[in-house]
Amino acid sequence: MAATITPDKILHEFSELWTSTAKAESGDSNGVLRACSMTLIAFVDDEDDAAPLAETIALLMRAHPSRAIVVRLREDPDHLESRVFAQCWMPFGHNQQVCCEQVELTVSLNRLEDALSIVSPLEAPDLPRVVWIRSTRLSRAPDLSGVLKLGDKLIVDSARAGSPAFADLRALVAAGLIVGDLAWTRITHLRQLLAQLLEGGDLAAIKKVVIEHCGTEPGPEAKYMQAWLRTGLPAAAVDFQQTDPSGVGDIKGIRIDSEKSDAMDIRVDSDCARYQTGYLHERASFSSPTDHLLLSEELSIIKHDPVFEQTLRRMTIWTPAF
Amino acid sequence: MPQEPQTEPSPQQPLQDPLRFHRKTPPCAVVIFGANGDLTKRKLMPALYRLAYEGRLAPGFTVIGISRTPMSDDDFREHMREAVSKFLEDSPFDVELWKSFAQGLFYIAGDVADAGAYQKLSERLKEIEASRHLGGNVLFYLSTQPSQYAQIAEGLGAAGLAKADGQLNSWRRIVIEKPFGHDLTSARELNGRLQKVFDEESIYRIDHYLGKETVQNILAFRFGNGIFEPLWNRRYIDHVQITAAESIGVEGRGAYYQEAGALRDMVQNHLLQVLATVAMEPSATFSANAVRDERAKLLRSIHIMKPGEVAAHAVAGQYGRGRVGGKEVLAFREEKGVDPDSQTNTFAAVTFLVENWRWANVPFYVRTGKYLPKRVSEIAIQFRSAPLAVFRNDFTDSEQAAPNLLILRIQPEEGISLKFVSKRPGAGMTLRPVAMDFNYGSSFGERSPSAYETLLLDAIIGDATLYTRQDMVEASWSAVQPILDYWNTQKFAFPNYTPGTWGPAAADEMIARRGHAWRRP
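Protein chains in written order, with our numbering: chain Y, 1 to 322; chain V, 1 to 521.
Keep in mind that the hints were calculated from the coordinates and are not lab data.
Don't take every hint at face value.
With a Cα cut of at most 20 angstroms, we get these calculated EDC-like pairs of lysine to aspartate or glutamate [claimed, not checked]:
no.	chain 1	residue 1	chain 2	residue 2
1	V	Lys24	Y	Asp126
2	Y	Lys208	Y	Asp168
3	V	Lys163	V	Glu201
4	V	Lys86	V	Asp165
5	V	Lys41	V	Asp75
6	Y	Lys252	V	Glu96
7	V	Lys24	Y	Glu199
8	V	Lys99	Y	Asp126
9	V	Lys178	V	Glu474
10	Y	Lys208	Y	Asp265
11	Y	Lys207	Y	Asp265
12	V	Lys297	V	Glu229
13	V	Lys120	V	Glu82
14	Y	Lys303	V	Asp38
15	V	Lys297	V	Glu355
16	V	Lys24	Y	Asp202
17	V	Lys99	V	Asp111
18	V	Lys99	Y	Asp271
19	V	Lys24	V	Glu453
20	V	Lys491	V	Glu309
21	Y	Lys303	Y	Asp126
DEER-style ranges, computed between Cβ atoms [as the list claims (entries may be wrong)]:
no.	chain 1	residue 1	chain 2	residue 2	range
22	Y	Pro245	V	Glu82	40 to 48 angstroms
23	Y	Pro7	V	Ser287	31 to 39 angstroms
24	V	Arg358	Y	Lys260	37 to 45 angstroms
All figures in this text were calculated on a predicted structure; none of them were measured in a lab.
For each residue, glycine too, the CB sits at the ideal point set by N, CA and C.
Please model the entire structure based on the sequences and the hints provided.
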């Protein structure tokens with residue numbers, strides 16, 4: 001007989017968890033502060049390395065304390081089990097632990113529907129709900145509408161295998177869903193630098209922009225950058241140029257030619273950009289685009305993002321010509 | 001600060017993304033007078049570097065340091081590198097970024113009393129403007145002795161540096177540190193001299209307390225929530241206690257502190273600004289002047305004590321010898337540079353009354369001091385008790401029928417705590433007080449910007465919401481001036497409190513006369 005789990009059982013385990021955590025924190029400490037500002041539902045593959053994922057969620061909790069529900073999807077049939085635990089940390093200089101609750105459901109793809117019926121009642125009431133899809137397996141589920149209904153916002157990463165295509169994201173946005181794409185989030189720093197460098201200049205005089213990328217074709221970040229620049233610089237031809245066939249399509253540089261000012265050249269690394277424009281040779285530091293930082297930015301925007309949505313509409317969608 | 005955050009780029013700025021990008025900062029030069037001083041090394045330069053690290057500064061950002069010590073640009077850069085790597089908190093020191101940032105650091109050796117120094121500055125600014133395109137924007141930061149503020153402003157004015165250079169939308173601003181005068185008269189005189197050179201809109205008086213995240217959060221707490229404001233008045237609030245306690249002494253600053261004292265050093269500026277933030281009316285918009293108008297109005301509503309009222313409403317204290325944590329502590333009068341008969345207060349407690357409809361007869365107790373039991377800053381709002389004590393026989397704990405308390409903690413554990421009564425689990429109706437805690441997002445473990453990062457960025461952007469204005473400074477001096485005048489006529493029996501205690505007994509008596517007791521933070 002297939003295993004069963006009820007939401008009530010998990011809620012009861014949460015309750016016991018808090019009681020035991022509070023008891024353990026007696027003595028000189030100020031006890032435990034239970035924090036929750038949203039529900040974060042993550043769909044991951046069961047074979048996904050648990051340690052980095054746990055670290056990502058633990059780091060996220062500092063800025064976005066959440067009830068985290070991690071659904072680990074596995075291939076073999078009829079599996080369903082749950083585990084409840086607390087994510088706790090002691091902020092530096094404080095004597096009170098901050099704790100968030102987390103439940104991990106390990107479930108076979110064929111029992112996804114059962115898992116969804118458990119997840120929904122576990123969502124923290126009256127608070128935003130965000131679904132983060134990291135699983136490559138989920139795209140093979142026969143019906144994803146139940147997953148989409150779980151959250152107020154859906155976060156994907158186009159740079160990962162198995163992610164929805166841009167056309168699908170566009171359809172979701174058109175249907176009114178709030179969507180975030182970590183591939184878009186990854187270029188926020190670079191977009192901000194460009195906006196700052198071009199601030200006050202004559203944008204209509206910019207006629208040519210070249211986005212240099214590695215890999216055999218531009219990655220999703222480069223494609224987003226192209227669409228965003230095409231929107232903001234309508235007079236410019238924004239094209240790609242491959243600089244190195246190895247790699248996965250990352251942006252390596254951007255060159256901007258204007259009829260009225262000095263050419264601008266930006267060299268891009270994962271943690272910085274070096275730019276040169278006329279007199280200035282400077283360096284801008286970027287935080288390494290870890291999942292934790294990218295998600296943190298997306299979790300701060302649980303509403304429609306007009307710039308992202310506009311860019312998505314502007315994306316060139318390549319349809320293979322079979 | 002706009003009332004509704006813009007989320008879409010404007011047609012004029014199609015590359016902006018207000019939802020994700022930081023607030024835009026214009027290109028500018030920050031000119032620091034007193035560039036070789038402690039404040040520059042410990043606070044200003046680390047804050048500017050951190051802003052650069054976060055990409056908050058515009059390309060071409062420039063710092064020009066001025067002080068008397070002869071130094072080359074490269075020497076200055078090296079000094080600042082040492083300072084930033086030493087005093088940078090919660091952040092990595094990125095050597096590569098520093099190299100880029102340091103290209104924008106320049107130095108001028110000069111005496112602020114010498115007109116030639118301003119001429120040199122003017123010439124250097126022109127050179128740098130040509131190479132780094134600063135848009136004509138200059139922020140002068142006076143990190144010097146307060147007695148030099150007016151002189152520097154006048155020097156800048158005489159050299160033609162106080163007015164924008166004619167480039168479109170360019171600006172000149174001046175930032176000064178507290179104290180803004182040492183009494184009402186000197187504050188007025190300073191304001192008068194500054195305003196002869198700079199418009200009031202261009203004068204940024206920094207009060208780093210207002211830059212603290214949690215002080216800013218008071219506004220969010222009060223005006224972003226609907227449930228508290230109806231209770232925020234004399235009908236429901238019994239009294240308010242504002243405490244800013246320090247667990248250390250004057251730490252080698254005895255000579256300075258002797259001239260200032262706790263009332264001038266903390267109450268006149270920081271704590272009255274906090275009081276104003278707690279008690280002000282909601283502003284119609286969140287623009288800088290609208291918020292400051294309300295703060296100023298509140299400060300002007302504070303009852304100005306008559307000489308005969310001071311003794312009952314204000315208590316001065318000075319610590320004597322003692323032991324703190326097993327360590328011998330010298331009396332204030334034994335500190336280096338302090339007069340052995342010093343009458344300086346190292347502790348001050350004041351009962352302020354706000355004379356408006358919202359707060360009539362609600363005492364605001366303010367206390368601050370050196371060598372108190374712990375470092376803590378908080379605001380405790382005590383609500384009136386329930387009108388009928390239905391459960392008067394059902395309390396078992398020593399706190400008994402404690403009234404509801406709302407604690408706004410500023411430091412060290414920033415957050416909000418609401419104390420209320422709840423039934424003890426189990427049979428029978430026994431009650432006990434419990435606390436519901438909220439820690440701000442910033443204290444869940446995320447780094448929050450230092451007060452100087454916030455305030456420097458605001459000054460560069462031109463947002464003066466968190467800066468004090470002339471009328472606010474003068475209103476707060478007006479509130480404490482009668483106390484200063486009265487205390488100047490007194491010969492106190494100092495020392496009157498032991499290090500490691502909550503101040504003199506007279507402070508407890510002051511508040512007890514109204515039937516209250518200091519909260520133990």
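Quick rundown of the hints versus the structure:
no. : hint                                     : verdict
1   : V/Lys24 to Y/Asp126                      : 34 angstroms, violated
2   : Y/Lys208 to Y/Asp168                     : 30 angstroms, violated
3   : V/Lys163 to V/Glu201                     : 12 angstroms, holds
4   : V/Lys86 to V/Asp165                      : 37 angstroms, violated
5   : V/Lys41 to V/Asp75                       : 14 angstroms, holds
6   : Y/Lys252 to V/Glu96                      : 19 angstroms, holds
7   : V/Lys24 to Y/Glu199                      : 9 angstroms, holds
8   : V/Lys99 to Y/Asp126                      : 49 angstroms, violated
9   : V/Lys178 to V/Glu474                     : 13 angstroms, holds
10  : Y/Lys208 to Y/Asp265                     : 12 angstroms, holds
11  : Y/Lys207 to Y/Asp265                     : 15 angstroms, holds
12  : V/Lys297 to V/Glu229                     : 18 angstroms, holds
13  : V/Lys120 to V/Glu82                      : 26 angstroms, violated
14  : Y/Lys303 to V/Asp38                      : 45 angstroms, violated
15  : V/Lys297 to V/Glu355                     : 11 angstroms, holds
16  : V/Lys24 to Y/Asp202                      : 18 angstroms, holds
17  : V/Lys99 to V/Asp111                      : 29 angstroms, violated
18  : V/Lys99 to Y/Asp271                      : 16 angstroms, holds
19  : V/Lys24 to V/Glu453                      : 15 angstroms, holds
20  : V/Lys491 to V/Glu309                     : 17 angstroms, holds
21  : Y/Lys303 to Y/Asp126                     : 16 angstroms, holds
22  : Y/Pro245 to V/Glu82: 40 to 48 angstroms  : 45 angstroms, holds
23  : Y/Pro7 to V/Ser287: 31 to 39 angstroms   : 48 angstroms, violated
24  : V/Arg358 to Y/Lys260: 37 to 45 angstroms : 57 angstroms, violated
Comparing the model with each numbered hint stated earlier shows that hints 1, 2, 4, 8, 13, 14, 17, 23 and 24 do not hold.
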